[in-house]
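Chains as they are written, first to last, in my numbering: chain F, 18 to 96; chain H, -9 to 263.
Don't read these hints as lab results, they were simulated from the structure.
Hints are supplied without guarantee of correctness; some may be wrong.
[Stated by the list, open to error] Below are the DSSO-like pairs computed for lysine-lysine, each with C-alpha atoms no more than 27 Å apart in a straight line: (1) H:K108 <-> F:K91; (2) H:K116 <-> F:K91; (3) F:K63 <-> H:K115; (4) H:K214 <-> F:K91; (5) H:K148 <-> H:K214; (6) F:K63 <-> H:K214; (7) F:K63 <-> H:K148; (8) H:K214 <-> H:K95.
[Claimed, not checked] Have a look at the derived ranges for each label pair, beta carbon to beta carbon: (9) F:A68 <-> H:D174: 32 to 42 Å; (10) F:R56 <-> H:D227: 39 to 49 Å; (11) F:E38 <-> H:F205: 14 to 24 Å; (12) F:L64 <-> H:N256: 19 to 29 Å.
Cβ atoms here follow ideal geometry from the backbone N, Cα and C, with glycine treated the same way.
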Amino acid sequence: MDIEAEVVTLNDGLDYVILDEIMAHSNVYVYLSNTEDPRNFCVRKKLQNSAGSLLIGLDDENEFNMAMKLYFDKNGKGE
Amino acid sequence: MADRTWDSINRSVINGGPISDVSDYKMMAGKSSKELLDEALDQRHREFIGGNQFRDIQKVFNRENELNLSDEEIFMRHIGLSSKDASTSNAYVDMARINSIGSDKVVTDERKKVKTDKKTMEVYKKTALFVAGVAAVCALVFSGLSVSNALETYNLAKNTIGYQSVDENTHRTEDNKGYWYDTDSIASDIVSSNDYDDNIYGAYYKIDSNGANVFGTMNDIIAKSSDYTDFTDYLRDHGLLKDDGTIDINKYEAQASMALKEHMENNTGERTR
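Bound conformation, chain H alone (with noise of 0.2 Å):
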C-alpha cells in the first residue's frame, strides 16, 4: 500500500477493486500537497500521449462521492489537507478568479521600481504556487469534460496531413539547438488533399503546441497554400476575427477542433495518411 499512486488508485477503478479507504488518505497524507498536485498534472501529461485517461481519476472522485463528502472534501483529503484548509484554498482561488477576469479591468502597463524584502517576495511567490496548483488540478479533476476533449483534439489533429506535413527537424541550425520550417513544403502537403480547412487546424495545432512564431509561420502558410494574404485574411473570411479586428483564437481552435471531429466521423478514413 506504500506505493499507492494515481496510477495504482487508477488500476483499482479499472479492475473494480477497493478506491479509497484509510489507507489510501494515510499513504496521500505522507506525501506533500506540491508531490500530489506534480502527480495529477503528470497523470494529466500521460494521458496525452496515450496512458490512462484522466477520467479514470474522475471514477474516483465520483464513487467517493457515495461517502457523501463534497467535491471539495475529496480533493482536500488528496492532496493531504483538511476540509478548513479546502475552505480557505477554494478562497484564495476564487478570488484569484475575480480579480483576474474580466474586461473591465484595463490599466496601463506604468510600473514602478521597489526595493522589497527577499523573504516577503517567497511569500508572495509561495502563495500564489499554491493558488495556481489548486486552481490548476481542481480544473482538470473537476472538469473532466474539457480534459477527454483535449484528448480528443490532438487525438484527431495529428492525423491530418497538416499536422504530419509541420517538422521541425526538417531545418535545423548548424548548432542544432533551433529550427525553422520549410512553409512551401508545408503548403504544398496542405493543398494535397481537400480537407483545406482541417490541415491549416492540423498545422496551426503542431506548430503552436512546438512553442513556435505560430502566427508568423502561419501568415506564410496561409499566403503559399490560398488565395488568402495571410492567417488574419484566413480567419475574417471564417468570421473569426473579434469586434476590434484582432484573432479571436479561442473561437477559431473551438471552431475548427469541432469542424475537425465532424470531418472524422464522417469520412474516417480518407483524411488519414
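Next comes chain F alone, as it looks inside the complex (with noise of 0.2 Å):
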C-alpha cells in the first residue's frame, strides 16, 4: 500500500524522506533517513529566518544524544 511521505534533499545531494518532527527546548528536530539507504539516518533542525525555513546541522554530540533520546521517547514505546 502507497502513502505520501515528504522528502527533502540535503547538502549531499540525496534525498532523505522525513519520519518525524519533535519539537524540545524551543528547537524543532527533523528526522530523516536517506530514500536508497535506510542506514544512512539523520536528524536535522528547523531555523526560521528571513530567507525562509533552512534545516541546518546539530551543534555537538551533546545536541545529537538528546536528540536520539527524543525520538527514543517517543517512537520506541508502542514497539
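Make one complex out of these two single chains by using the hints.
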C-alpha cells in the first residue's frame, strides 16, 4: 500500500524522507532517512529566518544524543 | 534468576554480590533489545525521582571490564546482541552522528511530496528507532558524569524559590486540560530573595520541564521582576547570546546550573525554603 511522504534534498545531494519532527527546547528536530539506504539516518533542526525556513546541522554530540533520546522516547514506547 | 533486571543487578552491585555471570546474559538474551533499552531508560527516569543512581549501572560495566571485554561488547551483550551486531550498530550510530552534526550542513527546507510503499517506510522507521535507541542508551551508560550532573542540577534547581513559585495548578482552564502561569506571582516570589539569577534559572528549569512556552513566559517574568525588557535582554547582559544575536540556551543552562551549584555549596540552608 502506498502512502504519502515528504522528501528533502540535503547537502550531499541525496533525497531523504522525513520520518518525524519533534519540538524540544524551542527547537524543532527533523528526523530523516536516506531514500536509497535506510541505514543512512540523520537529524537536522529547523531555523526560521528572513530568507525562509532552513534545515541546519546540530551543534555538537550532546545535542545529537538528546535528539536521539527524544526520538526513542516518542517512537519506542509503542513498539 | 529469571526476574533478574537492571534493578536486581544494581542491588547486587550495592550489596557486593555477583554482578555478572552466564545466567545474567541468558536472562538478558531472553528479552528483546527494545525491552532492555526501555529498562535502561526507565532506570534513568527513576534516578530523576530519587531512585537508584544510574552510576550503579556504570559499576556493573566497570566490573565487567575485568573480563577484558570492550565497553561495546559488554553493552551489546546486555541488550542481547553479539559483538558483530555491536560493530554494526556502532557503525550506524557513528554514521548518524557524522551526518547530523556540523554548522556546514545547511539547506533550504524545500519539501517534495512523494508516494512510497508503507513497508519501505516501516523499514526506515525501524532502522531509525534502532539507531536512536542504541545512541541514546550508549550516551546514558557511557557518560555517567553527565547523567549525575543532570540529577544534581535537578536536585539543586527544585530548591530555589524560582522553581517552587512555578505552579501549573494555580490557574487551570475550565476543562482542567490546560493552565496558565501567574507571572505576577512568580515575579513577586523571585524578587523576595537576593538570589535573583538562581531563582530565574529555577523558574526557567521548571517551566522548560513542563514543556510550556518557556521563552514567552520567561519574557513576562523577567520584565515584571527587573529592569530588563525580556529574557533576551537579560541573557545579553550576561553575555549569553550567540554572534547572530540569538539565545545560546545551552550556554545559559550550563552557566546558570554551575553558578547555582557554587552558590548552594557556599551558602547551604539560606537558599532553600
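Tested hints:
1. H:K108 <-> F:K91: holds (20 Å)
2. H:K116 <-> F:K91: holds (13 Å)
3. F:K63 <-> H:K115: holds (20 Å)
4. H:K214 <-> F:K91: Violated, because 36 Å separates the two Cα atoms, which is more than 27 Å.
5. H:K148 <-> H:K214: holds (22 Å)
6. F:K63 <-> H:K214: violated (31 Å)
7. F:K63 <-> H:K148: Violated, at about 31 Å.
8. H:K214 <-> H:K95: violated (39 Å)
9. F:A68 <-> H:D174: 32 to 42 Å: holds (39 Å)
10. F:R56 <-> H:D227: 39 to 49 Å: holds (47 Å)
11. F:E38 <-> H:F205: 14 to 24 Å: holds (19 Å)
12. F:L64 <-> H:N256: 19 to 29 Å: violated (39 Å)
Comparing the model with each earlier hint shows violations of hints 4, 6, 7, 8, 12; every other hint is respected.
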